[in-house]
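Student: Each chain, written out:
2 protein chains.
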Amino acid sequence: MARWEPGARERLVVAAVDLFAEQGYDTTTVAQIAERAGVTRSTFFRHFPDKREVLAAGQDTLCQLLAAGIADAPSSATPLEAVGAGLEAAAQAFTPERRDLGPKMRDAIAASSELQERETLKRVGLATAITDALKERGISDPTASLAAEVGVLALKMAYARWADPTNRQELAAIARQSLQELQTASATLS
Amino acid sequence: MARWEPGARERLVVAAVDLFAEQGYDTTTVAQIAERAGVTRSTFFRHFPDKREVLAAGQDTLCQLLAAGIADAPSSATPLEAVGAGLEAAAQAFTPERRDLGPKMRDAIAASSELQERETLKRVGLATAITDALKERGISDPTASLAAEVGVLALKMAYARWADPTNRQELAAIARQSLQELQTASATLS
Numbered sequence: 003m004a005r006w007e008p009g010a011r012e013r014l015v016v017a018a019v020d021l022f023a024e025q026g027y028d029t030t031t032v033a034q035i036a037e038r039a040g041v042t043r044s045t046f047f048r049h050f051p052d053k054r055e056v057l058a059a060g061q062d063t064l065c066q067l068l069a070a071g072i073a074d075a076p077s078s079a080t081p082l083e084a085v086g087a088g089l090e091a092a093a094q095a096f097t098p099e100r101r102d103l104g105p106k107m108r109d110a111i112a113a114s115s116e117l118q119e120r121e122t123l124k125r126v127g128l129a130t131a132i133t134d135a136l137k138e139r140g141i142s143d144p145t146a147s148l149a150a151e152v153g154v155l156a157l158k159m160a161y162a163r164w165a166d167p168t169n170r171q172e173l174a175a176i177a178r179q180s181l182q183e184l185q186t187a188s189a190t191l192s
Numbered sequence: 003m004a005r006w007e008p009g010a011r012e013r014l015v016v017a018a019v020d021l022f023a024e025q026g027y028d029t030t031t032v033a034q035i036a037e038r039a040g041v042t043r044s045t046f047f048r049h050f051p052d053k054r055e056v057l058a059a060g061q062d063t064l065c066q067l068l069a070a071g072i073a074d075a076p077s078s079a080t081p082l083e084a085v086g087a088g089l090e091a092a093a094q095a096f097t098p099e100r101r102d103l104g105p106k107m108r109d110a111i112a113a114s115s116e117l118q119e120r121e122t123l124k125r126v127g128l129a130t131a132i133t134d135a136l137k138e139r140g141i142s143d144p145t146a147s148l149a150a151e152v153g154v155l156a157l158k159m160a161y162a163r164w165a166d167p168t169n170r171q172e173l174a175a176i177a178r179q180s181l182q183e184l185q186t187a188s189a190t191l192s
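Chains as they are written, first to last, in my numbering: chain A, 3 to 192; chain B, 3 to 192.
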């Protein structure tokens, strides 16, 4: 019988990303991921419903951090300032261990349409979390949805830069800069 | 042996949406959809790889229309004006038959997480088509991606209004109005 082991979840994520990168997503099995992580298959299934969902590890945490950051922004904050506060709060989920996984994860996603689907759905889930948190602040649609899309684009840009091994800036700083670039771009739309 | 029959694709879409609405997506089989449409299972599979993909019928056409409309916009057009030209061109895909399907399709999607996933992926596919078409015009990121998200939000808003049986305006006009509302909203972001 496997016991509940602290750190098993993190080890499963690392093992899965390693295997996806080494041998491809399609040929990687749950049994292989569990073995590489040093846990049983049933421990795997206590953490994830299937191998695709390993990629979404942390999505719930990220949504909660975004929502909390937005809720805690000063009442005078503009919609994009509130989104910025959300990104700032979310940045703490991006640990150094996760940064090291970045390039491998990017390669694994690029090679698998199924992982691309999951990644897309994750991003849309984040947009929904931001939209809902902005609505809680009394910001209505379409402004809330629009600000959420800007926030998700900022996070996507920031993540790509952060996961680049040559970049040693903190995610919070990169996200601020990405949001600023999008704000500048939005002035050139029309 | 079933022969290739004009109109079979459209009948399959109508049959699928009817069945999803009547008895739920999960319990509906490809055989039932084919029977309701008056075609064989093999005819179904000539048009769609599985029942989920019936929902994405027309996605390729829509992407092509969006891209063509954006490419044909005057060279002086701003990014959002080019997106508006794309939406205008895409509006021709929204036929009266499709309008009648709207409420049933909305209910079927609301009741099935698998259809919601497919709908989400469709929307992201449209965003990619718009982004690529804008880049062809020399508009770079992040402006191209941002304008594409605005375009997809406008189409989503416009579709919801158009599919409402009490609304008899043309989609092109509703889309123009939605894009205008988003433009106004973008001025209040910061």
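Derived by calculation from the structure, the hints in this document are not laboratory data.
Wrong hints could be hidden among the right ones.
Identical chains blur together in the list; that is why a pair holds if it fits in one copy or across any two.
Said to hold, decoys possible - Dumping the calculated DSS-like pairs for lysine-lysine here, alpha-carbon to alpha-carbon at most 30 Å:
| # | residue 1 | residue 2 |
| --- | --- | --- |
| 1 | Lys-106 | Lys-158 |
| 2 | Lys-137 | Lys-106 |
| 3 | Lys-137 | Lys-124 |
| 4 | Lys-106 | Lys-124 |
It should be emphasised that the depicted structure is a prediction, and the values quoted were computed from it without experimental measurement.
Student: Hint by hint, note whether the structure agrees.
Tutor: For each hint, the structure was consulted:
Taking CA atoms no more than 30 Å apart as the test, Lys-106 paired with Lys-158 passes inside one copy only; the shortest distance there is 16 Å, against 34 Å between copies. In the homo-oligomer, the alpha carbons of Lys-137 and Lys-106 lie at most 30 Å apart only across protomers (28 Å), although the nearest pairing inside one protomer, at 36 Å, exceeds that limit. Both within a single protomer and between protomers do Lys-137 and Lys-124 lie at most 30 Å apart by alpha-carbon distance, with minima of 20 Å and 25 Å respectively. For the homomeric pair Lys-106 and Lys-124, the shortest alpha-carbon distances inside one copy (18 Å) and between copies (27 Å) are both at most 30 Å.
The structure shown violates none of the earlier numbered hints.
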